[in-house]
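Please model the complete structure; the sequences and the hints are all you need to start from.
Heads up: the sequence lines are chains A and B, in that order. For the first sequence, the numbering used here assigns the number 2 to the initial residue and increments by one for each residue that follows. For the second sequence, the numbering used here assigns the number 420 to the initial residue and increments by one for each residue that follows.
Bear in mind the hints are in silico, worked out from the structure with no lab data behind them. Treat the hints with care, since some could be wrong.
Unchecked claim - No more than 20 Å apart at the CA atoms, straight line, and that leaves these computed lysine to aspartate or glutamate pairs for EDC-like:
#1 A:154 / A:118
#2 A:9 / A:79
#3 A:9 / A:219
#4 A:154 / A:199
#5 A:9 / A:36
#6 A:154 / A:181
#7 B:579 / A:101
#8 B:571 / A:81
#9 A:184 / A:82
#10 A:239 / A:219
#11 A:154 / A:114
#12 A:154 / A:79
#13 A:29 / A:79
#14 B:571 / A:82
#15 B:571 / A:68
#16 A:154 / A:169
#17 A:154 / B:574
#18 B:571 / A:102
#19 A:154 / A:81
#20 A:154 / A:82
#21 B:579 / A:82
#22 A:9 / A:82
#23 B:579 / A:102
#24 A:77 / B:574
#25 B:571 / A:66
#26 A:184 / A:116
#27 A:77 / A:34
#28 A:239 / A:181
What the hints assert, rightly or not - If you want the ones that stay clear, here's a sample from chain A, every Cβ over 12 Å from chain B, calculated:
#29 15
#30 30
#31 66
#32 106
#33 107
#34 113
#35 130
#36 166
#37 169
#38 172
#39 177
#40 213
Just so it is clear, CB atoms sit at the ideal spot from N, CA and C, and this is done for glycine as well.
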Amino acid sequence: MQTAGANKVRLTLKLRQKIFHGLASAAKAVLGEVDLSVSENEFVAITGPSGCGKTTLLNIIAGLDTDYQGQRLLQKGDTDDIACAYVFQNPSLLAWRSVEENIRLVSHRQTDEAELEQLLSNFGLQDIRHQYPNQISLGMARRVSLARAFNTKVPLLLMDEPFVSLDEHSAQHLRELLLEQVKQRAISVIFVTHNLHEAIYMADRLIIMGGTPATIIEELVLGDDRGNRQEQGIQQFKSALIARYPTILL
Amino acid sequence: MPATTIMTTLLSIISIILAWLIGSYFLGADLLPAPNIVFTRFLHEIQQEALLFHTSVTLGRVLLSFVIAMLIGIALGLVMGSLQHADQFLDPWLVFFLNIPALVVIILAYMWLGLNEVAAIGAVAINKIPNVIVTIREGVRARDINLMNMAKVYELSRWKSFRHVLLPQLLPYLAASSRSGISLIWKIVLVVELLGRSNGIGFQLHLYFQLFDIAGILACALTFVLIMQAIELLILRPLERHANRWR
Chain A
2 MQTAGANKVR
12 LTLKLRQKIF
22 HGLASAAKAV
32 LGEVDLSVSE
42 NEFVAITGPS
52 GCGKTTLLNI
62 IAGLDTDYQG
72 QRLLQKGDTD
82 DIACAYVFQN
92 PSLLAWRSVE
102 ENIRLVSHRQ
112 TDEAELEQLL
122 SNFGLQDIRH
132 QYPNQISLGM
142 ARRVSLARAF
152 NTKVPLLLMD
162 EPFVSLDEHS
172 AQHLRELLLE
182 QVKQRAISVI
192 FVTHNLHEAI
202 YMADRLIIMG
212 GTPATIIEEL
222 VLGDDRGNRQ
232 EQGIQQFKSA
242 LIARYPTILL
Chain B
420 MPATTIMTTL
430 LSIISIILAW
440 LIGSYFLGAD
450 LLPAPNIVFT
460 RFLHEIQQEA
470 LLFHTSVTLG
480 RVLLSFVIAM
490 LIGIALGLVM
500 GSLQHADQFL
510 DPWLVFFLNI
520 PALVVIILAY
530 MWLGLNEVAA
540 IGAVAINKIP
550 NVIVTIREGV
560 RARDINLMNM
570 AKVYELSRWK
580 SFRHVLLPQL
590 LPYLAASSRS
600 GISLIWKIVL
610 VVELLGRSNG
620 IGFQLHLYFQ
630 LFDIAGILAC
640 ALTFVLIMQA
650 IELLILRPLE
660 RHANRWR
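Encoded structure:
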């Protein structure tokens, strides 16, 4: 388990409130106080009921949503290209650029061809590198979106349900791929998911959000054995959590 | 192209010629000369240097006012589509220019600037710019927010983001406004020439009008229809196909 004191802090968020101004409806507070800090190399999973504002929280962290009260600080190292990469729920690929061009696009430095080959091969994309996004499956598109995130030198990776609507086999393959790549590059991750099993399998720390406006209702440290947890242990942990928060997690 | 499509197109063209023949029969050859007469006249005219000269002058004006209208229209469309305050400020201006009659702009331009090339081309461009703005603004507003967010998070440079993310999304809108632009512009150019220029197809038409030379007028029109069709087939369609190759 990583503690905030021992390592460099990648993200400090002190959110006081996020109000959503609907066009027709009255203003509504979606997020309440959320204090979140993520250290170097840490994998944080966030879960909670749908519509509780998890994506909004990621957008605030990413700097896409600036209409909130509070402070946010992303720590970018000297060798980093950008402060954070984001794997959106929708793969968000340019339909008019090939798989390879989509990945190349985000690079902030002269492309190292050998490195790019390695990246394509890590994500199993060599065979479809010249195809266009609408010619490949959703699973493949998600891989491209992941590979794109890894084509930048970045300290923090945000992920919004990146493996949803994939069959379990491909999802599991991508989870392993993600854990391996994240470990190799010492990237911190904030991973939003509905899949409690997935969260317990991958994360160092699990955050449960809920309520209106949504806040952190529980924070659990899972340990430093991410990716290596026994199936039985995961199931037990999951059942215990659901028993404790039936309305939020079911 | 499949054989049935070619057949349908052919039948359509034959029906136009037939309708023309019948009309010519009832109205008389003075009011509506038969297709073969107009065609002979057309062949005769294109062998004269005069038609070639007037056509090239008109095409030059069409091209120049098209380029000016597109450049200004695209720039303003981008600004109005992406900046809300600019849109609010400029919108009344846009509505004003959208609704001012082409003829009023042309006459005022000639009265203010004199009967010269600047007034002619400026007047044509001003008539087209509002339409380009409306189309491009629509395109910018319909842009995919997910992709724009992607460009923002990955901190793509302004140019990269425009070139690879926004511009490809605008291509259908650009194609639409180019196509409607070129056909609107050449019609207005003829009016401008008729009113205040001493060359070009519009001027030539004015001459034929005074001579009551209907065959000459139709031959001129035929020249222009053929040229516009050639531009459509040889330039616009291939460009569009190239832009849509990823679909």
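Going through the hints against the structure:
1. A:154 / A:118: holds, 16 Å
2. A:9 / A:79: holds, 13 Å
3. A:9 / A:219: This hinted pair is violated, its Cα atoms lying about 23 Å apart.
4. A:154 / A:199: Since the Cα atoms of residue 154 of chain A and residue 199 of chain A sit roughly 26 Å apart, the hinted pair is violated (cutoff 20 Å).
5. A:9 / A:36: Holds. Residue 9 of chain A to residue 36 of chain A sits at ~17 Å (cutoff 20 Å).
6. A:154 / A:181: Within the cut-off at roughly 16 Å; holds.
7. B:579 / A:101: holds, 16 Å
8. B:571 / A:81: Holds, at about 16 Å.
9. A:184 / A:82: holds, 19 Å
10. A:239 / A:219: This hinted pair holds, its Cα atoms lying about 14 Å apart.
11. A:154 / A:114: holds, 15 Å
12. A:154 / A:79: holds, 10 Å
13. A:29 / A:79: violated, 39 Å
14. B:571 / A:82: Cα-Cα ~13 Å, so holds.
15. B:571 / A:68: holds, 16 Å
16. A:154 / A:169: Cα-Cα ~29 Å, so violated.
17. A:154 / B:574: holds, 12 Å
18. B:571 / A:102: Roughly 17 Å between the alpha carbons, so the hint for residue 571 of chain B and residue 102 of chain A holds.
19. A:154 / A:81: Distance ~5 Å between residue 154 of chain A and residue 81 of chain A Cα, so the pair holds.
20. A:154 / A:82: holds, 5 Å
21. B:579 / A:82: holds, 16 Å
22. A:9 / A:82: holds, 18 Å
23. B:579 / A:102: Between residue 579 of chain B and residue 102 of chain A the Cα gap is close to 12 Å, so the pair holds against 20 Å.
24. A:77 / B:574: Satisfied, since the Cα-Cα distance of roughly 13 Å is no more than 20 Å.
25. B:571 / A:66: Within the cut-off at roughly 11 Å; holds.
26. A:184 / A:116: holds, 17 Å
27. A:77 / A:34: Distance ~24 Å between residue 77 of chain A and residue 34 of chain A Cα, so the pair is violated.
28. A:239 / A:181: Measuring from Cα to Cα gives roughly 24 Å; hence the hint is violated.
29. 15: Nearest chain B Cβ is 21 Å from residue 15 of chain A, so the label holds.
30. 30: holds, 23 Å
31. 66: With a cut-off of 12 Å, residue 66 of chain A comes too close to chain B, as the shortest Cβ separation is near 10 Å.
32. 106: Given that some Cβ of chain B is not farther than 12 Å from that of residue 106 of chain A, nearest at about 6 Å, it is violated.
33. 107: Check fails; 4 Å does not lie beyond 12 Å.
34. 113: holds, 18 Å
35. 130: Holds: least Cβ distance 15 Å, greater than 12 Å.
36. 166: Check passes; 16 Å lies beyond 12 Å.
37. 169: Its Cβ never comes within 12 Å of chain B, the nearest being 26 Å, so this holds.
38. 172: holds, 21 Å
39. 177: holds, 25 Å
40. 213: holds, 25 Å
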